[in-house]
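Undergrad: Sequence:
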Amino acid sequence: MRKIKHLEEQTYQLQKQVATHKQGVCWQEEEALLNEMEVTGQAFEDMQEQNSRLIQQLREKDDANFKLMTERIKSNQLHKLAREEKDVLKEQVTTLTMQVEATNVVVRKLEEKERILQNSLATAEKELALRQQAMEMHKRKAIESAQSAADLKLHLEKYHAQMKEAQQVVAEKTSSLEAEAYKTKRLQEEIVQL
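Numbering of the sequence shown is given in UniProt numbering, commencing with residue 1 and proceeding in unit increments.
It is possible that part of the hints are untrue.
[What the hints assert, rightly or not] Label pairs and their in silico Cβ distance ranges:
(1) Glu157 - Gln99: 37 to 45 Å
(2) Glu125 - Gln168: 32 to 40 Å
(3) Ile116 - Arg140: 33 to 41 Å
(4) Lys139 - Val106: 44 to 52 Å
(5) Glu112 - Lys183: 21 to 29 Å
(6) His79 - Ala43: 48 to 56 Å
(7) Thr95 - Gln132: 34 to 42 Å
(8) Ala64 - Glu180: 48 to 56 Å
[Claimed, not checked] Only pairs whose alpha carbons sit at most 20 Å apart, straight line, appear in this in silico PhoX-like list of lysine-lysine:
(9) Lys158 - Lys86
(10) Lys153 - Lys90
(11) Lys183 - Lys113
(12) Lys86 - Lys173
(13) Lys80 - Lys126
(14) Lys61 - Lys80
(15) Lys90 - Lys173
(16) Lys74 - Lys90
(17) Lys126 - Lys109
(18) Lys74 - Lys109
(19) Lys80 - Lys90
(20) Lys173 - Lys113
(21) Lys109 - Lys173
(22) Lys139 - Lys158
(23) Lys126 - Lys86
(24) Lys113 - Lys158
(25) Lys183 - Lys173
Hint data in this document are derived by calculation from the structure and do not stem from the laboratory. Keep in mind the model is a prediction, meaning the values are calculated, not measured. A virtual CB, placed ideally from N, CA and C, is assigned to each residue, including glycine.
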């Protein structure tokens, strides 16, 4: 800007000199002054053109900086969303793990009940064998022994029915738990792959 101002002042002074000495200056000097004015004007135009190029470069640089800033903000937002989604998935995995553990507790309780029923069945079978032996040893009490055997048979059938129901419940629960555990394992593998 200082150079432009200086050139404008120089042009003004030259024009002033031409006006003041126009009558007393010879044709050669006037031509020299006009040439100098033309050179000065050309230099002024060149300076303006250079300033225009610099302004354009500054605008392009500002546009590039704005674009970079916009991309940086977008990248930060995407990173934040990915981190939040990862936290949600971790929380879901934790919840599913707790559910699986609770289900395992139920399975262990059912297995314990099944064991108790099996022991009861074994005891009943032993009791039946003893009574059958007693029936053979006491043939004189055939009628009482036969009635006792019939009662014991009904008792055993009841235990068999209970045992069958318990086994069916355990089988259904086990199948459900295995399916749930498989889903959980697949989900954990997918999360690890992320």
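Undergrad: Would the hint linking Lys90 and Lys173 be met if the CA-CA limit is 20 Å?
TA: Status violated; Cα separation ~27 Å.
Undergrad: For the pair supplied as a hint, Lys74 and Lys109, confirm whether the alpha-carbon distance does not exceed 20 Å.
TA: violated, 53 Å
Undergrad: Just to be sure I understand the hint, the distance between the Cβ atoms of Thr95 and Gln132 should be within 34 to 42 Å; is that true here?
TA: violated, 55 Å
Undergrad: Honestly, do His79 and Ala43 meet the 48 to 56 Å range at C-beta?
TA: holds, 53 Å
Undergrad: Quick one: are Glu112 and Lys183 within 21 to 29 Å, going by C-beta?
TA: About 26 Å separates the Cβ atoms of Glu112 and Lys183, which means 21 to 29 Å holds.
Undergrad: Okay, Glu157 versus Gln99 on CB: inside 37 to 45 Å?
TA: holds, 38 Å
Undergrad: Between the alpha carbons of Lys126 and Lys86, is the straight-line distance 20 Å or under?
TA: violated, 59 Å
Undergrad: Starting from Lys183, check that the Cα of Lys173 is at most 20 Å away, please.
TA: At roughly 15 Å apart (the allowed maximum being 20 Å), Lys173 and Lys183 satisfy the hint.
Undergrad: Would you check the hint for Lys86 and Lys173, treating anything up to 20 Å between C-alpha atoms as holding?
TA: violated, 32 Å
Undergrad: Are the Cα atoms of Lys183 and Lys113 separated by 20 Å or less?
TA: It is violated: about 27 Å lies between the C-alpha atoms, which goes past 20 Å.
Undergrad: For Lys113 and Lys158, compute the direct alpha-carbon distance and say whether it is at most 20 Å.
TA: Within the cut-off at roughly 16 Å; holds.
Undergrad: Verify the proposed pairing of Lys173 with Lys113, using a straight-line Cα cut of 20 Å.
TA: holds, 13 Å
In terms of the numbered hints stated before, the structure departs from hints 2, 7, 9, 10, 11, 12, 13, 14, 15, 16, 17, 18, 22 and 23, listed from lowest to highest.
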